[in-house]
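Visitor: Residue numbers (the numbering used here), protein chains in the order written: chain L, -12 to 365; chain D, 61 to 353; chain C, 58 to 339.
There may be inaccurate statements among the hints.
As the list claims (entries may be wrong) - Pulled from the structure, derived: some chain D residues nowhere near chain L, Cβ distances all over 10 Å:
#1 A114
#2 V207
#3 L277
As the list claims (entries may be wrong) - Label-pair distances were calculated between CB atoms; the ranges are:
#4 E124(L) - E266(C): 23 to 33 Å
#5 A113(D) - D359(L): 18 to 28 Å
#6 T310(C) - A288(L): 24 to 34 Å
#7 Y140(C) - P195(D): 37 to 47 Å
#8 S64(L) - A113(D): 32 to 42 Å
What the hints assert, rightly or not - Some chain D residues judged to face chain L by a derived CB distance under 10 Å, without partners named:
#9 Q64
#10 D176
#11 E271
#12 T276
#13 L315
#14 I328
#15 G331
None of these hints come from the bench; they were simulated from the model. The C-beta atom is built at its ideal place from N, Cα and C for all residues, glycine as well.
Single-letter residue listing:
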Amino acid sequence: MNRSSLSTLAFIAIVALATPSFAASKGPAAGKTVHVGVIADVTGGAGVYGTPQKNAYELANDDLKSGKLDAGGANLSFDVQDAASDGAQVVNILQKFMTDGSTAMVLGPTLSGEAFKAYPIAARASYPVMGTSTTAEGVTAIGPSVFRDSLAESQVIPTTVKRTHDKWHYKTAAVIYGDDNAFTKTDGDIFTRELKSAGVDVVDTETFHQKDTDFQPALTRIESKHPDVIAIGALFPEATKIIQQAGKLGIKAHMIGGNGLNAPDMYSVAGPAAQGTVVGAAWYSGAKYPSNLEFVKAYAAKYGKGPDQFAAQSYAAAQIVAYLVAHGSTTKEEMLTGLRNVRVIQTVLGPIGFDSNRDAKSSPVILSIVKDGFSYFH
Amino acid sequence: MVAQQLLNGLFLGAVYALFAVGYTLVFGVLDILNLAHAAIFTAAAFAAFSLAAAGVPLPLAFLIAAVVGGVLGILLDRVAFAPLRRRNAGTLVPLISSIGVAIIIGAVLRGIYGVDELHFVTGGRDAGTTIHLGPVTFTTVELTIFVAAVVLMLALSWVLRSTTLGRSIRAVAQDRIAATLLGVDLERTIAATFFIASSLGGAAGVLTGLEYNSVTLDMGSPIELKGLAIIILGGMGSVTGAVIGGFIIGAVETLAVAFGLSEWRDAITFGVMFIILVARPSGLFGKRALRQA
Amino acid sequence: MHALADFYARHSQLIDQVGINALLALSLSVSLQAGQLALAQAAFMGIAAYVTAILTLTYHWPLIATILVAVLVATLAGAALAYPVRRLRGVFLAIATIGFGEIVRVVANNVSITGGAEGMSGLPQDANTLTIYAALAVVALALFGLSRTKFALAVALVREDEHAARGVGVDVGTVRMLSLALGGAIAGLAGALYAHSSAFITPNDFGFERMEQILVWCVIGGVTSPLGAVLGATFLSVLPELIRFLADYREITNGIILLLVIVFAPGGLASLWRRGPIRVRV
């Protein structure tokens, strides 16, 4: 055999060996047990966001057992603990995980405010933590062991504004956002900033509180200024009502929104008024990434309804952890090193990596609400 | 736009008033601040949802759910307040036991229904049709809710003023011991009071769920605090006060948004309440006004 | 010894929380002893926490100085609040003070100096367990000392029968103001320590939910004594961790425990030590 065919043979062998197989391959951590902790608000005010997260991790545990999720032969499991939407419990659970001697990493918590309370403790001890829904500014800046797989609003909204402005060329806009929630307030601030720098005149700004149900006074005010576009900084419960009530009042403006609107039943709840609303998001349920469609199907089969973005970002975190474990990370130091060195991992969110700030490096997807869910915005 | 805003305030106020009336009734009669009222408000909304989902026509579902609220009220009293009445425990202790019951109701609802928001009507359709009347727009659902709230409050007023039960309730509110001496069956009157108050609160819950097409575990928390402001504003124990207070607060909130002060809305509501309290320490219609209903 | 150090390493955050919660419960207990259902402690805590946070983050003041100023501000707030609510009694006072709390929360949410809804992060977390429990000990001793003075007698008299108190020459208005101020001071101390042991504060930390929590601690522990307040705060702060193994049933268990304790021991946990009628009725 001559040298070139030998190297070809070698090349083919290497490619064959490197291709992931369905049955759990044997990585450097094969046979070892790895515990990863999860802090989620399954009950309490944020229960509607923490429950899909818990669901995703339980699905991940199932997939690890069946081999669908590959941890390289290691015995990896996620331990989800409920913080009941209480910042004090988040801190206590984190301390328990950090000191139990066997938990290699912690995922969560659900809310950015909780992360601000708890992460400094992890950062001081160089303990690796990763947020899957904590998208406020400054979370990863807390410390060099803090990572995030969820795109921040500041990474998504500029694209949303640019793409819609390029298409619709609107001149005026109104912004409506929740003023008592860090996430929705950030949305409001960033939308306002981006709209202004795109040369759009923000003719009205309205605010609301969490759990508000009546937006008609605010929408009436907005309509009196006749904006071309309304930017919505809200989470799902308020967003659906804003859109529906806007329709009821006969408002014809285009509507654009942030991550909070990325939930499967937007159209079925808000109705025809939601048609054409543009949502800048970190995940699309119809994206044809390798594990995504399978994940959506499996989640719906197990829980009776499709996953939302909270679930997707949690499952992606599980995939990231499984990848690290499959490549040999079993202790907290190894997890940290793994997170720092990883380039790109294939997840349900698409290919994802971490930038120099330890934020998610991934592309936002701009979607349009349609009758059966979402489609790409063109 | 002003007319529309005023109408918005009117509709909002009607539901607030209905909720507050139940609060104030229990306080007037028993000196208890029932913090499980919001939980019963929510439970009735979930009950109406289940009934409607099972095919029961909405008006009937509404009535049954309100009755469910009333029954929950009686149970609440049996479990949380009656044992303490015998021990003469003051007003603070029952407040805490009502919190305990509220937590339990919330946990049970979560166990049955999960954490997701539920909807009476899907597809964003309205359960009614939209009506345009000059400068204002509203739906038949909103109109029905307003009328239902007003009818219920008038009915309560009639019961308190003209029936034997109503007289018993007012007697107990005025002086529990004297009422007993005069032959009023205390426990039955109290049970009736809780039934009425909680079915009104439950009715408010169903109407709110229908109005915004939304039934969630925490739908009661915004109204819980506002309800307190309303009954204080109107005067504890005064049904008329609660009604007027409800409309005032509905108007204040709507106007706050209309004038671009939405972020300060809650502060304005409580600020108004505060100012009125400083001027009239027992609220607009004074304490113990249950005598006059 | 090793086991103790180990326990501390695993639970130091919870231990610190218990200390601060005990202070909060004590601050409410002071008001309740005067027969005043003044539910503004969460607001005083919040005012002190924000003053502390602003002095620490923006002006880089040292720990003790920030605590002293914050406590002073909270005390003044308590004294000032006494004036508009001087004619209010019972549940009216309760709701008026809850309203005050809401106003404070909304202000904190909307002004830029407090960071608004986004809160203030990056706090130094430099109040250690010793500091917190030293403060608790000082307050407990001070309250004990106070209980032996004529002031305490005046307070008890105002609670039991206001008219009689006035009749024997007690200045009811001043007694009420002082008890509100004292409550403000203790809650302020708790708030300042909270800002120095928490990495992040937000307006929702000091709203009605927190106030309800403090109220539950006090009543479950027993309003008859400061010991009751501390007991209630301790028991209910560690309860979530004690029953964590119940997972999905934690929430309902919480409600059931509250109900059972209050129905079978209306005088609170502290009353289980002493039998007899409830001595403080509010």
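Visitor: Next, verify each hint and record whether it holds.
Guide: Checked hints:
1. The beta carbon of A114(D) is kept farther than 10 Å from every beta carbon of chain L, the shortest such distance being approximately 18 Å.
2. The claim that V207(D) is not at the interface with chain L holds, since no C-beta of that chain comes within 10 Å of its own (minimum 18 Å).
3. Consistency note on L277(D): stated as away from chain L, yet its beta-carbon is not over 10 Å from all of that chain's, at 7 Å minimum.
4. A beta carbon spacing of about 25 Å between E124(L) and E266(C) agrees with the range 23 to 33 Å that was offered as a hint.
5. For A113(D) paired with D359(L), a C-beta distance near 22 Å keeps the hint of 18 to 28 Å intact.
6. Under the hint 24 to 34 Å, the C-beta atoms of T310(C) and A288(L), about 32 Å apart, fit the expected range.
7. Look at Y140(C) against P195(D): about 45 Å separates their beta carbons, and that is inside 37 to 47 Å.
8. Against the hinted window of 32 to 42 Å, the Cβ-Cβ separation of S64(L) and A113(D) comes to about 37 Å, which satisfies the hint.
9. At about 5 Å, the closest approach between the beta carbon of Q64(D) and any beta carbon in chain L falls short of 10 Å, and the interface hint on this residue holds.
10. For the restraint placing D176(D) at the interface with chain L, the shortest Cβ-Cβ distance is roughly 6 Å, inside the 10 Å limit, so the hint holds.
11. Annotation: interface hint on E271(D) holds; nearest CB of chain L at approximately 7 Å, less than 10 Å.
12. For the restraint placing T276(D) at the interface with chain L, the shortest Cβ-Cβ distance is roughly 7 Å, inside the 10 Å limit, so the hint holds.
13. Annotation: L315(D) was flagged as interfacial toward chain L, and the flag holds, the nearest CB pair being 8 Å apart, inside 10 Å.
14. Checking I328(D) against chain L: minimum C-beta separation of about 13 Å lies over 10 Å; hint violated.
15. The interface hint given for G331(D) is broken, as the beta carbon of that residue sits about 16 Å from the closest beta carbon of chain L, more than 10 Å.
The earlier numbered hints that this structure contradicts are 3, 14 and 15.
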